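Student: In order, the protein sequence lines correspond to chains Z and D. Counting in numbering that gives the first Met the number 0, the final residue of the first sequence is number 298, and the numbers go up one at a time with none missing. Counting in numbering that gives the first Met the number 0, the final residue of the second sequence is number 265, and the numbers go up one at a time with none missing.
Keep in mind that the hints are not guaranteed to be accurate.
[Claimed, not checked] Okay, derived cross-link-like pairs now, DSBU-like style, lysine-lysine, Cα gap no bigger than 30 Å in a straight line:
1. D:Lys185 to D:Lys118
2. D:Lys148 to Z:Lys186
3. Z:Lys186 to D:Lys154
4. Z:Lys91 to Z:Lys295
5. D:Lys118 to Z:Lys255
6. D:Lys148 to Z:Lys295
7. D:Lys148 to Z:Lys91
Think of the hints as simulated: they come from the structure by calculation, not from any bench. Remember, predicted model here, so these are calculated numbers, not experimental data.
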Amino acid sequence: MKRLAFGLLLVLANPGLVAAAEASAAPANESAEEKAAEAEAPAPEATESKKDDELPDLSDEVKEAATQKEEAASETTFARLSWEDIVVVPRKAFLKRHRFELAPFSAISINDSMIRHYSFGGDLTFYLTDVFSVAAEGQYFIKERSERESLVGFQFNRATTLNRFKYSTSLVFGYVPGYGKFGLFNKYIVHWDVTVNAGIGVIWTEIIPVRIDDQIFSNTDICPSLAISTRMFVTDWLALSIGLRDYMFIDKFENKNRPEGQNAADAKANGVSEFTQNVMVFVSAGLYLPTSFSYKTPR
Amino acid sequence: MTKKAHVMKRGIALLVGCLVGIPAVTQAAQERKSPLADAPAIRRRVELRNKRFELGVGLASTVGQDFYNALMLNLRLGFHITDWIGLSVSAGVYNLTPDWRSSFNGQLNSALPTTGDAKTPSQNNAAAAENRIGQVIMPQLDIVPFTGKFSAFSKLFMNYDVYVLAGPSFVNLVKKGTIDSSECCKANPYIGWKMGANLGVGMHAFVNNYFAINVELHNLMYSNNAAGRDVTGSSDVNSADAQWTYNWMVGLNFMFFLPAQVKVGR
């Protein structure tokens with residue numbers, strides 16, 4: 000019977016145990032800020048503890064607790080010797096060092112009102128450090144002649160000399176000069192960085208002949224490029240980017256005075272070289288390998 | 000009492016204890032909630048927009064126009080209803096560069112004859128038919144989903160926000176010069192106030208609590224016949240020749256926020 004009574008007592012005591020467990024768990028969830036706030040207010044407690052000896056009716060337990068508080072406060076004060084110990088950016092949320100990034104992208108040209116190019120391609124990037132990277136880039140272009148271009152002949156009796164881009168490949172070096180985070184609707188924190196790139200590569204182009212029956216010639220041009228982009232980190236292995244890329248090269252266009260029926264080799268020999276810029280807005284999704292990372296420093 | 004009866008009673012007691020205790024533990028686990036659960040993402044946030052006016056002046060420029068780009072004196076006035084939603088008006092009130100030809104137009108014009116022939120307009124006639132932007136008024140709704148803080152070279156710390164904007168647009172298209180109707184090719188400049196749509200993005204970089212640098216990118220969509228020439232092949236130039244066009248505009252403004260004092264969030 001005694002055991003039965005003990006069992007029932009346990010049952011009745013159970014909610015009490017749960018409440019005690021809750022109470023003990025709560026302080027563990029306190030934020031660092033709250034702890035800091037507690038630590039910042041040691042003065043009254045310290046003053047009280049100094050008076051401990053003057054209070055003869057305090058029990059030993061209370062005295063011990065007060066002493067512990069005083070010690071904790073003094074330890075905290077010791078830990079905050081310098082403003083340099085305050086961590087402004089505690090940890091990067093995303094580490095890239097020694098990781099690969101495979102990023103398919105799509106882009107659209109924005110600086111030519113006569114012809115627009117869409118491109119589809121990919122970057123394979125290796126991060127030497129968290130801020131330096133080297134990448135191989137390749138893309139395929141699809142052209143679209145603008146309505147304005149089609150109206151030039153109709154409205155002004157003139158023809159445009161245009162080149163279309165076919166594909167390109169580049170070796171690209173990247174540097175991350177800054178990173179940060181922003182609040183989304185003051186609810187979510189999103190981490191981002193800014194990357195600048197410089198590259199050197201090759202672009203293949205070909206003319207769009209004024210006379211549709213004339214032969215086409217192609218060009219292979221050395222193509223330096225510059226880029227700036229911002230990257231938002233979604234998970235440990237996924238980031239979304241948007242940016243601008245400027246491809247600069249000297250391209251050869253069809254001569255305005257090309258005789259009808261002139262072969263491609265002669266037309267190319269008589270072609271007109273012009274400095275060309277192809278500014279593109281691109282978006283990409285970067286998949287990182289390995290898919291996870293670990294911190295090697297304590298904070 | 001036999002030993003077997005003792006064991007049974009002890010087993011019953013434990014069983015009852017478990018049956019009553021488990022729901023209590025489960026409920027407690029559900030009710031246990033982190034004290035940070037309802038906390039805002041950013042504590043002690045400086046409310047730089049909520050219930051504040053902004054007004055400022057700057058420059059706005061068209062980008063990639065077919066014939067004439069425009070650099071305009073820009074005014075901007077706005078009120079932020081909450082921290083993330085606001086109403087504003089951005090207006091390019093004066094075109095500082097009415098003769099700023101696009102590179103395409105420069106090449107085209109130089110390829111045209113000084114005197115028109117049976118099929119080709121002269122340089123002057125072509126230019127007189129082409130319109131350009133005189134003024135732009137853009138009442139807009141600003142939605143501010145992104146706010147944050149950045150540092151430039153670890154020295155200059157600034158709050159910033161990024162917003163998307165949408166609203167109607169009112170564009171005044173103007174002409175310059177007169178058309179010689181004795182020449183070939185009918186032309187009729189497409190001018191006057193045109194209503195369209197305005198979509199874009201913008202950002203504020205706060206130098207302090209009441210002064211910010213503002214950058215906006217607009218896509219103005221309106222009906223236009225920029226060349227002022229036949230498009231449909233009807234041999235006449237009329238409203239049917241106008242088509243919907245996308246016109247990009249970039250603005251840089253210097254904004255003052257009022258009241259100058261700001262509230263700090265919880």
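Student: A separate judgement is required for each hint: does it hold in the structure or not?
Tutor: These are the hints, each one checked on the structure:
1. This hinted pair checks out: D:Lys185 and D:Lys118 have alpha carbons roughly 11 Å apart, not beyond 30 Å.
2. Proximity of D:Lys148 to Z:Lys186 is assessed by CA-CA distance (about 15 Å); at most 30 Å being required, the pair is judged to hold.
3. With a C-alpha separation of about 27 Å, the suggested pairing of Z:Lys186 with D:Lys154 holds against the 30 Å cut-off.
4. Between Z:Lys91 and Z:Lys295 the CA atoms are separated by roughly 12 Å; this keeps the pair inside 30 Å, and the hint holds.
5. In summary, the hint linking D:Lys118 to Z:Lys255 is supported, as the alpha carbons are separated by about 18 Å, within the 30 Å threshold.
6. Between D:Lys148 and Z:Lys295, the direct Cα distance comes to roughly 27 Å. Compliance with the 30 Å bound is thereby established for this hinted pair.
7. About 15 Å separates the Cα atoms of D:Lys148 and Z:Lys91, which keeps this hinted pair within 30 Å; it holds.
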